[in-house]
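> Generate the whole structure from the sequences, applying the supplied hints.
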Amino acid sequence: MKYSHSITKALLLAASVGAAGAALAHHSFAQFDQSVQIFIEGRVASWSYVNPHSWLYIEAPDEKGEMQKWGFEGAAPIHAARQGVTGNTFKVGEKVKVVVSPIREEGRKAGTVCFVVKEDGSIARPNDGTCDSIESIERWKSKGWLDTAKHLDRHPTVD
Amino acid sequence: MKIYRKWGLLALGVMMAAALSGLALAQDVDPALAARLAEFKPAPLPPVQPPAKEFKTAEEHYQYLLEQAKGGTKHTAATLPNWEGLWTPGPNTIAQTFLEGGKFSGTGTLRAGAGPVKKGVLTPPYEKQFIERRAEVDKAGQQVFDRLTRCEFPAMPRWLWEPYGKEFSHSPKQTWMMNDFMNETRRVYINGKHVNVDGKHSATGDSIGFWDKDKLIIWTKWINPADFTRGAPLTSNRIEMVETWQQVKHANGARQLATQVTIYDPVALVKPVSLVYSHDYRPDLEELGVRIRNWECSNSSNSYLGPDGKTHVYLPGDPQYKDALGTTDFPELPGQSLDPFNETVK
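Chains A and B are the protein sequences, given in the same order. Position one of the first sequence corresponds to residue 503 (our numbering), numbered consecutively onward. Position one of the second sequence corresponds to residue 2 (our numbering), numbered consecutively onward.
Any given hint could be a false lead.
In silico BS3-like pairs for lysine-lysine, Cα to Cα no more than 30 Å straight-line [claimed, not checked]:
1. B:Lys129 with B:Lys57
2. B:Lys42 with A:Lys620
3. B:Lys54 with B:Lys216
4. B:Lys311 with A:Lys611
5. A:Lys571 with B:Lys311
6. B:Lys311 with B:Lys104
7. B:Lys323 with A:Lys566
8. A:Lys643 with B:Lys42
9. A:Lys611 with B:Lys323
10. B:Lys57 with A:Lys597
These aren't lab readings, by the way, just hints derived from the structure by calculation. As the structure is a prediction and not an experimental result, all values here were calculated from the model.
Next comes the structure, spelled out in structure tokens:
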């Protein structure tokens, strides 16, 4: 996949205009390690587009190659909607590549979602306000990680 | 307004260019609407308007405004202001009221590094608690646990900010202010008197009000102790509030509700403080199909307070996990799935 940096920068600019009033979660997100992002490939198990938070559950292998159900917390529906994400964005069984900040508890298969690359290459942003998904997309593209990332690759959120 | 058109064209151009380049954002919506959603910018926040003179109590303040309005405007259903539509909260002055150099962050919560605590605004015990809270925020990046995690109501004054959908409905005798968040509806009894047959306080308290032409003045009391927002000061069970709501129609056609608020809380505040809040009408969200739905916190939130005082989450496989897409208490019966579109229940 090739991406244009200038386009992404313009996208960042455009999205930042609407940033005021962006998501405030119903609870603290301090339980997620926002210094790190993990790339996870799997298939959608369910897409729970409900208040107070949306959750994207996927089936994906763990470090041992065993299939697990992973849960990724996202924005409340009204905030996800502002980013073009609705209850119909993800279908059960579809392939997705998810970039998340992991939960701090060792061994738990969870995180807070930043952005999702769908099978057609389009990107969905169901993230809550704790992740700047536009900035993260730009970072992952500029570093070439989106082209090269393998399942469970980890990258810092800042250099 | 020129700047709105400029951003709109830029955003639309970006969406189209992105689609052509393969960098498409996944959208279930028309690209032009998606561009408007991305383009949206809240209307500018009006300046804080403190009371014309100092009042010791909310009651004195309210009675003064009522006298100034000569008993208030007696609207009929035909003459009441129209605040129809879906609204979302815009900027407010919580940060600058309680933090040195504090600015509205756009995300509501008073984040790490937002500024040192302003001294002398809060009473000593509340100032001490706020300093400790800010230290926690600065260390952990966020307040590590928010009472809303327990599915508590935002309560007043937090209701004014929680950035979810709101709707407003007026009748000559009542105004209803409906918040998406926790289905928390305020009722304002127009030209009413405070009554408390319950013998207790509540999240939204008891609100009475009157109209002064197109301005709605509200006095609220008997409110549960709460807070201004996450990372912000606490309020006490003695808090009372006087609000003045007015719809502002901007040159670019945007509709805004501006709310001037004076907080009287002799237990938490050294003296009353005045803030301004705002809401923006969101025809873009209406066009997308966003509607206020029933808030499902008690059967869908898996976040909880752990023994370490921090926020944790139950996951599938945990006995306490609640599946919002699961079933009712009668899974053996057909038609009891809460996810009939997908039937993801195994």
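> Which hint numbers does the structure go against, in order from smallest to largest?
10
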